[in-house]
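Asker: Protein chains in written order, with this note's numbering: chain A, 1 to 768; chain B, 1 to 225; chain C, 1 to 77; chain D, 1 to 77.
Because the hints were derived from the structure by calculation, they are not lab data.
Hints may contain errors.
Cβ-to-Cβ under 8 Å is the rule here; a few derived chain B residues that face chain C [stated by the list, open to error]: (1) Ala62; (2) Thr104; (3) Gly175; (4) Gly178; (5) Asp179; (6) Ala203.
In silico DSSO-like pairs for lysine-lysine, Cα to Cα no more than 27 Å straight-line [stated by the list, open to error]: (7) Lys41(D) x Lys11(C); (8) Lys41(C) x Lys11(D); (9) Lys41(C) x Lys41(D); (10) Lys76(A) x Lys88(A).
Here are a few chain A residues that sit away from chain B, every Cβ distance over 12 Å (derived from the structure) [what the hints assert, rightly or not]: (11) Arg55; (12) Glu71; (13) Asp93; (14) Ala97; (15) Gly109; (16) Pro166; (17) Pro173; (18) Gly177; (19) Arg216; (20) Leu222; (21) Glu449; (22) Tyr460; (23) Ala483; (24) Gln559; (25) Leu723.
Note that the Cβ used here is the ideal one computed from N, Cα and C, for glycine as well.
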Amino acid sequence: MTEPGGTTRVAAPPGVPLRQDTVADATATPDREQPYAALGLTADEYARIGATLGRRPTDAELAIYSVMWSEHCSYKSSRKHLRQFAAKAPATDVLLAGIGQNAGVVDVGHGYAVTFKIESHNHPSYVEPFQGAATGVGGIVRDILAMGARPVAVMDSLRFGPADAPDTQRVLPGVVGGISFYGNCLGLPNIGGELAFDPCYLGNPLVNALCVGVLRPEDLKLAAATGPGNQVVLLGSRTGPDGIGGASVLASASFGGSGEGAKRPSVQVGDPFMEKLLVECCLELYHAGLVVGVQDLGAAGVACATTELSAGGGTGMRVALDRVPLRDASLGPAEILMSESQERMMAIVTPANVAPVLSICAKWDVPATVIGEVTDSGRLEMTWHGAPVVDIPPSSAANDGPVYDRPARRPDSQDALASDDAGRLPRPAGPAAASALRADLLLLVGSAEGGDKAWVTEQYDRYVRGDTVLAMPHDAGLLRIDAETGLGVALATDGNGRYCHLDPYAGTQLALAEAHRNVAASGARPLAVTNCLNFGSPEDPAVMWQFTEAVRGLADGCQQLGVPVTGGNVSFYNQTGPTAIRPTPVVGVLGVHDDVRRRVPSGFGLPDAAIVLLGHTRAEFGGSLWAWLRHGHLGGRPPAVDLAAERSLADVLVAAAAEQLVATAHDLSDGGLAMALAEACLTGGTGCAVTLPGDAATFLFSESAARVIVAVRPGSELAFRQLCATNGVPATDIGQTGGTALEIAGWFSVPLAELADLHGSALPALFG
Amino acid sequence: MTARIGVVTFPGSLDDRDARRAVARAGATPVQLWHDDASLHGVDAVVLPGGFSYGDYLRCGAIARFAPVMGEIIGAVGSGLPVLGICNGFQILCEAHLLPGALTRNVARRFISRDIRIRIETVTSAWTCGYEAGQEITVVLKSGEGAYAADAATLAELEARGQILCRYAGSNPNGSAGDIAGVVSSTGTVAGLMPHPEHAIDALTGPSADGLPFFTSVLRALAPA
Amino acid sequence: MPSFVVNVMLKPEIHDPQGDAIASACHRLGFPQVASVRQGKRFVIEVSEPASEQRIAELAAELLANPVIEEFSVHPA
Amino acid sequence: MPSFVVNVMLKPEIHDPQGDAIASACHRLGFPQVASVRQGKRFVIEVSEPASEQRIAELAAELLANPVIEEFSVHPA
Ligand SMILES: Nc1ncnc2c1ncn2[C@@H]1O[C@H](COP(=O)(O)OP(=O)(O)O)[C@@H](O)[C@H]1O
Ligand SMILES: [Mg+2]
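Could you put together the complete structure from these sequences and hints?
Answerer: As C-alpha cells, this is what we get:
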C-alpha cells in the first residue's frame with residue numbers, strides 16, 4: 001500500500017514493529033500530508049513546526065508538538081494573562097519555587113518547606129466518573145512527588161449539576177467513589193474541599209483535586225535533565241494505549257487505518273497501589289541522594305517529560321523509544337510519546353547510580369528502565385529500533401509554544417444582570433416573619449448546598465498518617481508537620497460560580513478572601529495561594545472577558561493580601577454545546593500554624609461562651625444562597641470586597657488563636673450568619689442563644705464578606721475586645737453558647753435534634 | 001528492657017507509621033518488619049497495621065497472607081506470640097485462618113470513615129486486658145469491607161467461648177454479624193478488629209485517646225507474672 | 001494461549017448487599033421480574049503452558065476464592 | 001426460578017491493574033505458568049416470570065456494565 005507521501009508500508013507480522021516515519025523519511029518526503037488539524041494544531045502552528053525544524057515533522061515529532069502545544073500543556077490562551085501573578089506578586093522570601101514548576105514551594109520555617117497545587121480533571125470525570133476522578137487524584141499527587149516532597153494530604157473541590165438531576169446520580173457517587181478509592185488506598189488523608197450544585201455543571205462537572213507535600217528545603221527537586229552522560233530512567237507502570245485518541249488519528253492517517261490495535265481507550269484506569277509504591281520508591285531514591293532531576297508523567301506522558309526535562313536542563317537528550325516497557329506491543333513511537341498511562345515518573349540519574357536506583361526500585365516492585373541519556377547537543381533525539389524518529393530543539397516544544405491574545409469582550413447582558421438587584425427580593429416581614437425566617441433557615445440547612453457533606457466526606461480517610469488536626473467539617477484542614485514544635489499547615493479551597501457570574505473580578509477576590517478567612521479561622525497565618533481556573537471556551541470573547549477579569553482579580557487580590565500565587569491550573573472548554581459553565585475559579589490558600597495544639601475548631605464546644613460577630617453586615621443578597629434557594633434568583637452585585645478588612649480580620653484570628661482567647665471560629669459565607677450558627681452548633685454539638693443586632697433577614701441571610709463568628713473563652717472577653725479594637729475589626733456581641741437549640745431571640749428557636757436531622761438527611765435523601 | 005513490638009509493612013500498608021507511634025507511646029520499642037523478610041527479628045509481639053496491602057486487589061488481605069513474614073508469624077503464633085490485626089491486619093488474619101470468619105463489603109456499599117463507639121467485650125485477651133469489661137471507647141472506623149461474617153455455628157462458638165473482642169455500641173455501621181467489631185483467638189493472643197485504636201492515642205489527632213490501652217495491655221500481658 | 005475461567009460467587013447464605021442493591025435498581029428501572037441478583041467475580045486466566053483444570057482449581061482454592069464465604073467453579077475458556 | 005448469568009469484563013484495551021496484581025501473586029505462589037489474569041464481574045439474576053435474553057441484555061447494558069470501559073455477555077444459567 002502506498003501512502004500519500006510515497007513511502008511504502010507493509011502490514012508487519014506480529015512482533016515486528018511497523019516501519020515508522022523517520023527523520024530521513026521526513027526530509028525525503030517534504031510534501032506528505034499530515035493530519036495536524038485532527039491533532040488540534042492550526043495551519044499556522046503546523047507551519048511554525050516546519051520552520052523550526054527546517055523540514056516537515058515526523059509523525060512522532062508531530063505527536064510531541066501537538067500535545068505540547070495543546071491548550072492544556074502550553075497555556076496558549078491564558079499565558080499572557082497569568083504573567084500578572086508573578087508581576088503583581090507581593091515581595092516574599094518564602095517562595096522557593098513558583099509558577100512554572102510542577103507545584104509552588106514555600107518555606108514554612110523550622111527547616112520545612114511545603115508544596116501544594118490544585119488541578120482539574122473535569123472532562124474525564126464526566127466521561128467515566130470513578131476512574132476520571134481517581135486518576136485526577138493520582139496526577140496531582142505525582143506533581144507534588146516530582147518536587148521532591150512527600151505527599152501528605154489531598155483535598156477535592158467538586159461541582160455538579162442539580163443534586164436531583166438523574167445524571168448527577170451517576171456522576172456524583174462515581175466521582176466521590178473514585179476519589180475515595182484512590183486517595184484512601186494511597187494513604188493520604190483528605191482534609192477538606194467543596195461540594196456545590198448548579199445547573200450550569202450538569203453536562204460539565206468540575207473535579208478539582210489538591211495535594212500538599214512536605215520536604216526539607218534542600219531536598220527540593222526540579223524538572224531539569226542536567227549533566228550530559230546522565231541516564232534517563234522511566235519508573236512505574238508499563239505504557240499502554242491510554243488516552244491517545246490523538247495518536248490513533250496519526251496512526252490511522254499514516255498507516256492507512258489498519259484495524260488491528262486501532263482501539264485506543266480515552267479512559268485511563270488508576271492503580272493507586274502502584275502509585276503508593278512509586279511514592280515510597282521515589283522518596284527512598286531522593287533520600288539516598290540518587291536522583292539528579294525528576295518529572296512526573298502527566299497529560300502528555302513521555303513527550304512532556306522528555307521535552308521539559310531537557311529544556312529545563314538546557315541540555316539535550318537521546319532516547320530509545322523502543323526501550324519503553326509496553327503493556328500493548330502494538331504501540332508505535334507516536335503513541336508511546338502521547339500515552340497518558342498513569343503511575344509513571346521519569347528520573348535523571350548518574351551512570352554510577354543506575355544500579356542502586358534499579359535495586360531500590362526492585363525492592364518496591366516498581367518497574368524501572370533506562371531509556372536514554374542526557375547529552376549536550378541541545379537536541380531531543382529519539383530512535384525507534386535504531387532509526388531516528390525525533391530530532392528537535394526541546395524548548396521549541398516545551399517553552400516556545402504559541403501564545404494567543406484572544407479577543408475578550410464584556411457581554412452586554414452583564415448590565416441587565418447587575419441591575420436585577422437582589423435587594424428587591426421580598427424578605428420575611430409582618431406578623432408571619434418569625435415563622436418565615438425559621439422556614440428559610442431550614443430551607444438552607446436542609447438543601448443539598450447547605451446540608452451536611454458527611455455523605456461525601458465519610459468516604460474519605462482523614463486520619464491516616466496520624467497528623468490530621470482539623471478536617472471536615474471545619475473551616476480549614478490542618479496538618480501537623482513537626483510534632484516537637486507543633487508547626488503545621490492549614491489549607492482551604494473556595495470558589496463561588498454565582499458571585500463570579502455576577503462579577504468575575506469581584507467573585508474571584510471573594511473566593512480568595514473566603515479561603516484566606518477559612519485558613520485564618522483555624523489560627524493559621526495565610527501564606528500562599530494556588531488556583532484552578534475553570535472556564536468555558538477561550539474562543540468565546542465573553543468567556544475570555546470573564547477569564548481576564550478573574551485573573552486580574554486574583555492577582556490584585558493576592559497583592560493586597562500579601563500572599564503570592566505559587567501555581568495552579570487552567571481548565572478551558574468547560575461547556576455543553578455553546579453554553580459555558582459559570583466562571584468558576586477555585587482558590588486554595590495555604591497558611592502556617594505555629595502550634596497546632598492551639599488550633600481553633602469551627603464548632604461550639606464550651607457552654608456559656610460569648611459569641612461575637614466580627615465584621616460589618618450590610619444588606620447584600622446578590623448571588624446569595626438565600627436568594628438562589630428561596631427565590632431562584634441570581635442577579636445584582638455580589639457582596640462588596642474589602643481586602644484590607646480581610647487582612648485585619650485574619651490578624652485578629654491568628655493572634656486570638658495564639659493567645660488562646662477563642663474556643664471557636666467559623667467563617668460566614670454561603671447562607672450568611674444563619675448557616676454559620678447552624679453549622680457551629682451542629683459541629684460542636686452545643687446550642688446557642690443569639691440576639692440579632694438589626695434587621696433580622698439581613699443579619700441572618702446577607703453574605704457580606706470579611707465576617708466570622710467566634711466563641712470567646714470565658715475570662716478572655718476583655719483581651720479579645722482589645723485585640724479587635726487594636727486591629728480595627730468591628731466586634732458585636734450577639735449571644736452565648738449553650739443549650740440544645742439554636743435560638744434567635746424574639747424570632748424563633750430550632751432544637752438541635754431537628755436541625756441535625758434536616759442537615760444530615762439532605763444528601764442521603766438524594767444519594768441513598 | 002522494654003518490649004519490642006514488630007509492625008509489619010506490606011506493600012500498600014498505610015497505618016504502619018501510626019501503629020509504630022502508638023507502640024512507642026505505650027512505652028514499647030517499635031520494630032519495623034518488612035513483608036519480604038522471613039524473620040521476626042526476635043520481637044515480643046506483632047501488629048499487622050491498616051491499609052491496602054497489595055492494593056486490596058482480589059480480596060482485602062488475600063495476597064498479603066502469602067508474604068514470607070506471614071509464614072513466620074503463623075509459626076510463632078503456635079508458641080504464643082501475641083498478634084494484633086487492625087483493619088487490613090484483621091482481614092489478613094482472617095484470610096490466613098488465624099482468626100475465624102471473614103470481612104465482607106459494608107452493607108451501605110461505601111467506604112465509611114467515622115468516629116464510632118465500641119464496647120470491649122473480652123478483657124482477658126493480651127490486647128484488651130487493660131480495659132474494664134463492658135467499657136465503651138471512641139475510636140475511628142475506616143473501611144469499605146468491614147462487615148464481619150461467619151456461619152451460625154462459628155458465631156455461637158465465639159460467643160460461648162468469650163472470643164468476641166469488641167462490638168459496635170449503638171448503631172451497627174457496616175452490617176457486621178452480631179455487631180462484631182473484633183474477635184480474638186481461643187488462646188487470647190491473636191486479636192483482630194476493624195476500628196483503629198492506633199488513631200485514638202491522642203485527642204489532638206484522633207477522636208480520643210481511648211485506643212492506647214490496646215498497646216499497653218500487651219505490655220502487661222508480656223510482663224513476667 | 002489456552003485459558004481458563006474461574007467463577008467465584010458468595011455462598012448462598014452470605015449476605016450480598018451489592019446484589020440486593022442491583023435488584024432494587026432493576027425494579028426502579030422497570031424490570032420488576034428480577035427476583036434476585038447475586039454478584040460474584042469472574043477471572044479469565046491465560047496460561048503459557050498447558051495446565052490442567054485440576055491445577056487451576058488448586059489456584060482458585062488457595063488464592064482466588066475465600067472458602068469461608070465463597071465457592072468457585074473452573075472451566076476451560 | 002429461571003435465571004441468567006451476565007458476565008462483565010473490562011474491554012481488552014483497558015488496563016486491569018487488579019488482574020496484573022493477581023497474576024504476580026500467582027507467580028509468587030508457585031504458578032509460573034499463569035501468563036495473564038483479567039478480573040471481571042459475574043451476575044446471577046433470577047427472574048420470577050419468563051424473561052427474554054434480549055431483555056436481560058438491555059438491563060446489563062443499562063445497569064450492570066459501563067459501556068465506556070466494559071463489555072458483557074448474557075447466558076441462560
Ligand atoms: N468534596 C469535599 N471533599 C472534602 N471535604 C469537603 C468536600 N466538600 C465539603 N467538604 C468539607 O465540608 C465542610 C463544609 O463545607 P462548606 O460548607 O463548603 O464549608 P465553608 O462554607 O466553610 O467553605 C468543610 O470542612 C469542607 O472542607
Ligand atoms: Mg469555606
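Asker: Now look at each hint and say whether the structure bears it out.
Answerer: Going down the list of hints, with the structure as the test:
Interface restraint check: Ala62(B) against chain C, minimum CB-CB distance 7 Å, threshold 8 Å, status holds. Taking 8 Å as the C-beta contact cut-off toward chain C, the hint placing Thr104(B) at the interface holds, the least distance being around 6 Å. Hint on Gly175(B) holds. Least Cβ distance to chain C is approximately 7 Å, under the 8 Å limit. Violation of the interface hint for Gly178(B) is found here, the shortest Cβ-Cβ separation to chain C being roughly 13 Å, above the 8 Å cut-off.
Taking 8 Å as the C-beta contact cut-off toward chain C, the hint placing Asp179(B) at the interface is violated, the least distance being around 14 Å. The criterion of a C-beta within 8 Å of any C-beta in chain C is not met by Ala203(B), whose closest approach is roughly 34 Å, and the hint is violated. With a C-alpha separation of about 16 Å, the suggested pair Lys41(D) and Lys11(C) falls inside the 27 Å cut-off, and the hint holds. Restraint check: the Cα-Cα separation between Lys41(C) and Lys11(D) comes to about 16 Å, which is no more than 27 Å; the hinted pair holds.
Proposed proximity of Lys41(C) and Lys41(D) is supported: the alpha carbons are some 4 Å apart, at most 27 Å. Among the hinted pairs, Lys76(A) with Lys88(A) is consistent with the structure: their alpha-carbon atoms are about 20 Å apart, no more than 27 Å. Non-interface status of Arg55(A) relative to chain B is upheld: no Cβ of that chain comes within 12 Å, the nearest being about 47 Å off. Interface exclusion of Glu71(A) from chain B stands, the closest Cβ pair being 34 Å apart, more than 12 Å.
Asp93(A), annotated as away from the interface, keeps every beta carbon of chain B farther than 12 Å; the closest lies near 31 Å. The claim that Ala97(A) lies off the interface holds: its Cβ sits roughly 27 Å from the closest Cβ of chain B, which is beyond the 12 Å cut-off. The claim that Gly109(A) is not at the interface with chain B holds, since no C-beta of that chain comes within 12 Å of its own (minimum 20 Å). Distance check for Pro166(A) against chain B: the nearest CB is about 19 Å away, which clears 12 Å, and the non-interface claim stands.
A beta-carbon of chain B comes within 12 Å of the beta-carbon of Pro173(A); the shortest separation is about 8 Å. With a cut of 12 Å on Cβ distances, Gly177(A) falls inside the contact zone with chain B, its closest approach being about 7 Å. With a least beta-carbon separation of about 18 Å from chain B, Arg216(A) lies farther than 12 Å from that chain, consistent with its non-interface assignment. Residue-level check passed: Leu222(A) sits 28 Å from the nearest beta carbon of chain B, beyond 12 Å.
A cut-off of 12 Å between C-beta atoms confirms that Glu449(A) is not in contact with chain B; the least separation is 21 Å. Annotated as non-interface, Tyr460(A) brings its C-beta within 12 Å of a C-beta of chain B; the closest such distance is 6 Å. Residue-level check failed: Ala483(A) sits 9 Å from the nearest beta carbon of chain B, not beyond 12 Å. Distance to chain B confirms Gln559(A) as a non-interface residue, since its nearest Cβ pair spans about 36 Å, more than 12 Å.
Leu723(A), annotated as away from the interface, keeps every beta carbon of chain B farther than 12 Å; the closest lies near 25 Å.
Violation of the numbered hints given earlier is confined to hints 4, 5, 6, 17, 18, 22, 23; the remaining hints are satisfied by the structure.
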